[in-house]
Amino acid sequence: MRKQPSLIGVLLRKDLRLFGPFAALIALLQVLWQFPNVVSQLGALASYLQTGMQLGTLLLIVLICYEDAVVSLKHDWLTRPVPGPTLLLAKGLFVLMAAIFPAIGGAFVFNLTQHHSIGEAVLAGLSAGAEANSLAVYAAAMAFAAVTSNVRQAVIVFLAGTATFAVVTAGWALLHPDVPESLGFTGSGWVIRDGVRLVMAIAAISILWLQYRYRHTRASRGVAVAATVVGAWIVGFMGWTTMFAVQKALSPDPDAAGSLQVTLAEGCFPARVLAADAEAASGVSTGLNAQRYSEQHRKVAGPNALAFSTRVNARLPDGNLLVVNHVEARYLSSGRVVRRLRPGRTSSNVMKAADQPTAGNHYWLLPAADAKRLASDPVVETHLNYSLSLLAPKNTAQFPADGSRNYYDGIGYCGADFDRTSGEVAVSCFKPGAQPAFLAASIEGSTESAVPRPLPMNFAPVALDFWGGKRDDIRLAAHGSEIPRVTVTAYEARAHFDRRFIRPGVLGGTGATCPLPSAP
Amino acid sequence: MIIETQNLAKNFWRHDAVQDVNLSVPEGATCALIGANGAGKTTTMRMLVNVLAPDRGHACVLGVDSRQLKPKDRLRIAFLSENQELPDRLSVGQYLEYLSALYPNWDRALEQQLMAQFELPPTRALGKLSHGMRMKAMLIGALSFRPKLLILDEPLSGLDPLVRDEVMSGILSQADETTILISSHELSEIEGCTTHVAFMVRGRLMFQESIEALSARFREVSVTFSQGDDCKALPETWLNPEVDGALLRFVDSAYTSDDQQLALVRKHCGGVRHLESTPLSLREISKALMRATRGDVP
Chain A
8 MRKQPSLIGV
18 LLRKDLRLFG
28 PFAALIALLQ
38 VLWQFPNVVS
48 QLGALASYLQ
58 TGMQLGTLLL
68 IVLICYEDAV
78 VSLKHDWLTR
88 PVPGPTLLLA
98 KGLFVLMAAI
108 FPAIGGAFVF
118 NLTQHHSIGE
128 AVLAGLSAGA
138 EANSLAVYAA
148 AMAFAAVTSN
158 VRQAVIVFLA
168 GTATFAVVTA
178 GWALLHPDVP
188 ESLGFTGSGW
198 VIRDGVRLVM
208 AIAAISILWL
218 QYRYRHTRAS
228 RGVAVAATVV
238 GAWIVGFMGW
248 TTMFAVQKAL
258 SPDPDAAGSL
268 QVTLAEGCFP
278 ARVLAADAEA
288 ASGVSTGLNA
298 QRYSEQHRKV
308 AGPNALAFST
318 RVNARLPDGN
328 LLVVNHVEAR
338 YLSSGRVVRR
348 LRPGRTSSNV
358 MKAADQPTAG
368 NHYWLLPAAD
378 AKRLASDPVV
388 ETHLNYSLSL
398 LAPKNTAQFP
408 ADGSRNYYDG
418 IGYCGADFDR
428 TSGEVAVSCF
438 KPGAQPAFLA
448 ASIEGSTESA
458 VPRPLPMNFA
468 PVALDFWGGK
478 RDDIRLAAHG
488 SEIPRVTVTA
498 YEARAHFDRR
508 FIRPGVLGGT
518 GATCPLPSAP
Chain B
27 MIIETQNLAK
37 NFWRHDAVQD
47 VNLSVPEGAT
57 CALIGANGAG
67 KTTTMRMLVN
77 VLAPDRGHAC
87 VLGVDSRQLK
97 PKDRLRIAFL
107 SENQELPDRL
117 SVGQYLEYLS
127 ALYPNWDRAL
137 EQQLMAQFEL
147 PPTRALGKLS
157 HGMRMKAMLI
167 GALSFRPKLL
177 ILDEPLSGLD
187 PLVRDEVMSG
197 ILSQADETTI
207 LISSHELSEI
217 EGCTTHVAFM
227 VRGRLMFQES
237 IEALSARFRE
247 VSVTFSQGDD
257 CKALPETWLN
267 PEVDGALLRF
277 VDSAYTSDDQ
287 QLALVRKHCG
297 GVRHLESTPL
307 SLREISKALM
317 RATRGDVP
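Note that the protein sequences, when read in sequence, are chains A and B. Quick note: to get the working numbering, add 7 to the position in the first sequence (first position is 1). Quick note: to get the working numbering, add 26 to the position in the second sequence (first position is 1).
Among these hints, one or two may not hold up.
In silico DSSO-like cross-links for lysine-lysine, where the CA-CA straight-line distance does not exceed 27 Å [claimed, not checked]: (1) Lys96(B) <-> Lys81(A); (2) Lys359(A) <-> Lys306(A); (3) Lys81(A) <-> Lys98(B); (4) Lys174(B) <-> Lys81(A); (5) Lys154(B) <-> Lys81(A).
Here are a few chain A residues that sit away from chain B, every Cβ distance over 10 Å (derived from the structure) [to be verified]: (6) Leu14; (7) Ser79; (8) His82; (9) Arg87; (10) Trp247.
The hints are simulated quantities; they were obtained by calculation from the structure and are not laboratory data. Ideal placement from N, C-alpha and C gives every residue a C-beta, glycine not left out.
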């Protein structure tokens with residue numbers, strides 16, 4: 008009996024002989040993809056290339072696994088002196104060699120070409136090449152190949168699963184004709200992302216172990232179906248309440264929110280009726296309406312909808328930020344929810360301590376018929392539920408925008424370049440491991456600060472963030488021709504909490520005190 | 027016993043593929059597992075090498091429970107099946123090189139000898155080989171590590187007579203030191219080397235015995251009666267009886283001697299003018315059994 012390392016080498020050599028050219032192509036694409044300066048020159052071809060690389064990598068993984076299929080009665084390896092776990096290790100090593108090592112190497116070299124230190128290049132290489140998402144997807148692809156027997160079967164199962172998910176979500180959308188929410192892009196989006204990743208990883212590891220160790224196809228397929236259902240529920244059906252309940256349970260310092268004053272602005276909610284003009288009916292929105300409401304939001308609300316706004320004020324400790332993660336308005340009649348509303352676009356959900364008292368505005372649209380119906384109900388109440396996060400500065404670094412790059416505790420590798428022609432300062436930071444909730448940068452002496460776009464809030468617990476890293480690029484406007492100094496601040500989330508405000512009637516008071524506005 | 031099964035059973039979607047099979051293959055034997063298509067031969071063999079898990083019963087192979095076969099046990103067991111999936115893009119040479127690395131007991135000289143004997147092109151991809159050449163390549167892969175047990179599932183199926191002879195000679199070259207369990211419909215080819223026969227019908231093992239005992243108890247019997255046929259209640263051991271006027275033909279599966287046969291015919295059918303019994307080949311015995319069991323399972 009061969010020793011395991013030698014056996015892995017034998018299996019690896021066989022697979023390389025079978026898939027060498029394909030694996031080399033994938034490896035090349037993975038390396039190329041780590042050079043954004045090269046990729047950006049490809050123009051429109053880049054997106055095709057990326058799709059091709061991703062699909063190609065997944066295809067290579069499943070083909071490698073099908074070469075010695077576990078769900079089989081005919082494959083040669085089944086009757087050879089090859090232990091299943093050793094075969095799995097060999098397949099895993101092949102994936103490492105074809106997809107992961109090239110990406111790590113490519114990212115490492117790219118970072119060196121950017122004159123980053125070897126330490127940063129190594130960490131950036133690891134975080135780009137062995138990114139947790141990629142690892143989970145690759146493991147899931149191997150697990151998928153371990154419960155199916157060939158590409159045809161895999162395609163059929165994949166299409167059937169996708170179609171089922173599409174039908175179920177479409178049915179759900181028909182039953183709940185509301186403006187869809189992008190919960191995944193809030194600071195608590197990690198609950199979805201890491202939840203799915205965790206389910207994928209646990210299921211993949213279980214399936215691979217069950218199949219390659221015991222060849223328990225039925226049990227493995229059961230795990231695969233269960234994981235798919237749970238994953239689909241997390242992605243498509245987990246509501247904000249559940250997400251934020253998880254977030255709140257993991258608050259680092261829940262008491263920090265206890266003394267925080269958050270109040271709803273007194274008086275009636277400012278309101279008006281949106282004109283039922285041709286522009287609104289056609290869904291083409293401009294001006295103020297376009298800033299506040301999406302086209303879909305206006306379509307769902309219909310003509311002559313009641314537009315109103317709400318405002319919360321807060322007093323925050325110095326330097327702190329208050330993030331409005333989610334707001335929902337509910338109308339209750341005799342304790343029963345009769346209507347839910349979601350707000351329109353919000354210019355900023357980050358409230359700063361510097362703007363005392365800081366305020367957050369939200370804009371709402373209530374369909375005309377609902378407004379009339381609710382207004383005629385004498386016991387109707389408005390419940391405004393705010394899901395909030397308090398952030399406090401944890402680490403600060405100050406450095407000149409002279410192109411030098413250093414490591415700063417809690418912030419990572421940071422540097423800034425000053426372009427005298429445009430007066431722009433480009434700040435670039437790379438943080439390996441646990442990430443701050445939020446990174447902001449400002450020119451020293453200026454009250455204006457900037458944050459990376461799109462706003463990348465991240466309230467994930469440190470334990471889930473240990474693997475990988477993240478790069479943030481921030482652009483600041485500088486005045487004068489002197490090399491400015493830059494201040495970068497990393498914020499940590501201290502507490503996540505809810506605030507509920509209850510007002511009688513529809514617009515912050517009874518029908519008598521806050522009547523519905525008349526149509527323009 | 028090299029192979030011993032107890033009440034081995036396998037069910038596919040409520041279809042009993044194998045039912046309570048008790049098979050014993052002694053060391054050094056060449057056992058032919060015969061039966062019609064769908065009799066359960068392949069399923070039984072797959073359970074023996076733990077490619078399939080039995081639903082009931084168990085199998086012992088080389089003294090090890092088949093479910094517990096470890097890689098070290100597989101160094102002594104070769105399995106070859108006509109529909110085995112091979113790494114088709116490897117050349118014959120690369121495939122054998124890959125296999126040789128798996129087996130410390132790989133006999134390079136034997137591999138070379140068989141390569142020469144079978145005239146296989148070492149650089150041709152397995153996927154581009156003819157069916158016969160592919161079987162030969164698999165046979166080299168099965169024989170070159172000198173297994174103690176060789177399990178062959180339809181190794182001669184679809185081969186032309188010349189290749190069948192070549193493959194059989196390859197198998198025979200190992201017969202002295204290897205116990206062989208072979209399933210095949212090409213019974214004429216394997217009869218020469220078969221020492222034991224096991225017959226399966228619809229998942230059940232009907233019998234197993236040595237080829238000598240089997241040949242001794244099967245006879246084709248032809249009886250001419252002095253008057254017309256007047257047979258009543260023929261014995262169950264008379265298979266496929268056919269009457270043509272005063273002539274009765276059947277295969278006796280419990281033949282002992284011509285005298286006893288004559289006495290039995292007289293007892294059931296009356297006056298006999300002439301009785302002739304002819305020994306049967308394994309192929310003819312198999313055909314007779316398959317015809318006899320086509321209707322229902324006894």
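Here is what the structure says about each hint:
A hinted pair counts as satisfied when its Cα atoms are at most 27 Å apart, and Lys96(B) with Lys81(A) qualifies at roughly 18 Å. Of the supplied pair hints, the one linking Lys359(A) and Lys306(A) is violated, its CA atoms being roughly 33 Å apart against a limit of 27 Å. Taking the CA atoms of Lys81(A) and Lys98(B), the gap is near 21 Å; set against the 27 Å cutoff, the hint holds. This hinted pair checks out: Lys174(B) and Lys81(A) have alpha carbons roughly 21 Å apart, not beyond 27 Å.
In summary, the hint linking Lys154(B) to Lys81(A) is supported, as the alpha carbons are separated by about 19 Å, within the 27 Å threshold. A cut-off of 10 Å between C-beta atoms contradicts the statement that Leu14(A) is not in contact with chain B; the least separation is 7 Å. Not every CB of chain B lies more than 10 Å from the CB of Ser79(A), the least distance being 7 Å, so the non-interface label is violated. Listed as a non-interface residue, His82(A) fails to keep its Cβ farther than 10 Å from every Cβ of chain B; the least gap is roughly 5 Å.
In this structure Arg87(A) is not separated from chain B by more than 10 Å, as the shortest Cβ-Cβ distance comes to only about 6 Å. Remark: the non-interface label on Trp247(A) is consistent with the geometry, its nearest Cβ contact in chain B lying 45 Å away (cut-off 10 Å).
When the structure is compared with the earlier hints, violations turn up for hints 2, 6, 7, 8, 9 and for no others.
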